[in-house]
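Engineer: Listed below, chain by chain, are the residues.
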Amino acid sequence: MPTPQLPDAEALCTALAEAMRPHVEAARTALVGIHTGGVWVAERLHAALGLAIPTGSVDVSFHRDDYHQRGLHAGSKSSQIPFDVEGAHIIIVDDVLYTGRTIRAAMNELFDYGRPGRIDLAVLSDRGGRELPVAPTWCPHRTTLPAAQMLALERSDDGRLSFRLMEK
Amino acid sequence: MSVMNTGGNPQLNRHGELKHLLTIEGLPRDVLTRILDTAAPFTEVAEREVKKLPLLRGKSVFNLFFENSTRTRTTFEIAAKRLSADVINLNISTSSANKGETLLDTVDNLAAMQADMFVVRHASSGAPYLIAQHLAATGSEHIHVVNAGDGRHAHPTQGLLDMYTIRHYKKDFTQLTVAIVGDVLHSRVARSQIHALNILGVPEIRVIAPKTLLPTGVERLGVRVFNDMREGLRGVDVVMMLRLQNERMQGALLPSTQEFFKSWGLTPEKLALAKPDAIVMHPGPMNRGVEIDSAVADGGQAVILPQVTFGIAVRMAVMAMLGGNS
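Protein sequences appear in the order of chains A and B. The numbering used here applies: residue 1 is where the first sequence begins, and numbers increase by one. The numbering used here applies: residue 1001 is where the second sequence begins, and numbers increase by one.
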């Protein structure tokens, strides 16, 4: 079976930054990447948009809704929120949007640090299959994938981002 | 997930995941390391505005303390509450046991109250094992058991939080010389520490104690024995003090506590024999002027209060891991 055309992750990062640019304030907008792919994308966006507030990261293991079926996720990392969440404009950044459950968990995690003024969502790709009412604010690529496939972001040693299609 | 041979370890389920925490002895190194890794993100929860995670929401954790302990019970209680569990504290030394109810009858009653986890402290070695076995035999294997100290046998969460503390300050276990000092004979903490240090690959574990406070054959646990404190402390990276367990002493094992302090108390002068960057640990509660001098307990090398803080994170990690493994 021929490999379907995968989106160019580098081009999508650029497109995403341009879509966001008119809506961010360099001094007041904060990014929070979701481990692990979302953190990579958030670092790119932070540099491209010249934001002043350091980028945060969240690990959603503590708020996953499949804990009782699958247990505590191995290798969970600490969330790092290096700014005051109270009243802040926060953009959650992830690589691929799928069921929406990760985004729900990330928002729960953020609220443990305070009450944000506004939260937006930026993703590189929306692969469909939503199970919760979650919609991205910015998303430069949409596709529909069967449930058995997973679109994964990878980072090479030289820092280049690329997508890979994996069978679950 | 592959089904693996757990070697009959009753703490592990058929996937090799932790189901109960009864003892550190016999735990595979990767399981032990995973607990320490898992604890790391939990330390940061205490810094948040909302110090609560939903992992054990709707679960009931019963603290079954057949022996008094304020500190351990409190840290387990805080850990379970930060995981959103409902916590029920039972001090059974002052309750049904005195009315004649057996241990297993108590367990059956609590299982019938839809318990999800038992945290057990008992004066008899093996009591948590007995409870775990009984739960499996009576169709209540979904209830997890955490040993919070059984007799002289084990105190696994204390051993784990000690390992977490050592790793926090010293990073690599495989280059360390660690000394355990004091009343090893009565200490379940020392046994858990020794097993953990061996599993994690510490090349030299010393126990420093008078002969009367050492179990016979302690060398077989993989330790070097020193009956002279000065000699034993020379060049060590970590000094783990033990509490002199007066309440467990029967007969004349010691001349007096003052005499004990003279030979076995950790003073600044004795600590100076260890490496300059050696850390000093103590499981609490401390007997100042008996096993440790105040100048050391309050000094720059002591990490006794960080141990307490890490202990909450480690207990959260253990309960969160157990709660997610059926």
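Take the hints with a grain of salt, since some may be wrong.
[To be verified] If you only want the chain B side, here are some residues facing chain A, beta carbon under 8 angstroms, derived: (1) L1036; (2) E1044; (3) E1049; (4) H1134; (5) A1137; (6) G1151; (7) R1152; (8) M1321.
[What the hints assert, rightly or not] Cross-link-like lysine-lysine pairs, in silico, PhoX-like; alpha carbons within 20 angstroms at most: (9) B:K1262 - A:K77; (10) B:K1059 - A:K77; (11) B:K1081 - B:K1059; (12) B:K1171 - B:K1211; (13) B:K1052 - A:K77.
[Stated by the list, open to error] Take a look, some chain A residues computed to stay more than 10 angstroms from chain B by CB distance: (14) D59; (15) Y67; (16) A74; (17) P116; (18) I119; (19) P133; (20) T144; (21) L153; (22) S156; (23) D157; (24) D158.
Think of the hints as simulated: they come from the structure by calculation, not from any bench. Just so it is clear, CB atoms sit at the ideal spot from N, CA and C, and this is done for glycine as well.
Engineer: Please work out if B:K1052 and A:K77 have their alpha carbons no farther apart than 20 angstroms.
Structural biologist: Holds. B:K1052 to A:K77 sits at ~17 angstroms (cutoff 20 angstroms).
Engineer: Holds or violated: B:H1134 as interface residue toward chain A, Cβ cutoff 8 angstroms?
Structural biologist: Because about 24 angstroms separates B:H1134 from the closest Cβ in chain A, which is outside the 8 angstroms limit, the hint is violated.
Engineer: With a cut-off of 8 angstroms on the beta carbons, see whether B:L1036 makes it to chain A.
Structural biologist: Not OK, violated: B:L1036 not within 8 angstroms of chain A, min 12 angstroms.
Engineer: Checking a non-interface call: every C-beta of chain B should be farther than 10 angstroms from the C-beta of A:I119. Is that right?
Structural biologist: 16 angstroms, holds
Engineer: With chain A as the partner, please determine if B:R1152 meets the hint condition of a C-beta pair closer than 8 angstroms.
Structural biologist: At about 31 angstroms, which exceeds the 8 angstroms cut-off, the nearest Cβ of chain A leaves the hint on B:R1152 violated.
Engineer: Check the non-interface label on A:D59: least C-beta distance to chain B beyond 10 angstroms or not.
Structural biologist: At about 7 angstroms from chain B, A:D59 fails to clear the 10 angstroms cut-off, so the statement is violated.
Engineer: Is B:K1262 close enough to A:K77, meaning Cα to Cα at most 20 angstroms?
Structural biologist: 46 angstroms, violated
Engineer: Please confirm whether A:A74 is truly not at the interface, meaning its C-beta sits more than 10 angstroms away from all C-beta atoms of chain B.
Structural biologist: Given a closest Cβ separation of 7 angstroms, the condition is violated.
Engineer: Can the restraint linking B:K1171 and B:K1211 be considered satisfied, given a maximum Cα separation of 20 angstroms?
Structural biologist: Violated. B:K1171 to B:K1211 sits at ~32 angstroms, over the 20 angstroms cutoff.
Engineer: Any Cβ of chain B at or closer than 10 angstroms to A:L153, or is the non-interface label fine?
Structural biologist: 22 angstroms, holds
Engineer: Determine whether the non-interface label on A:S156 survives the test: each CB of chain B must be over 10 angstroms from its CB.
Structural biologist: 26 angstroms, holds
Engineer: Starting from B:K1059, check that the Cα of A:K77 is at most 20 angstroms away, please.
Structural biologist: 24 angstroms, violated
Figure legend: structure checked against the earlier numbered hints; hints not met, in rising order: 1, 4, 5, 6, 7, 9, 10, 12, 14, 15 and 16.
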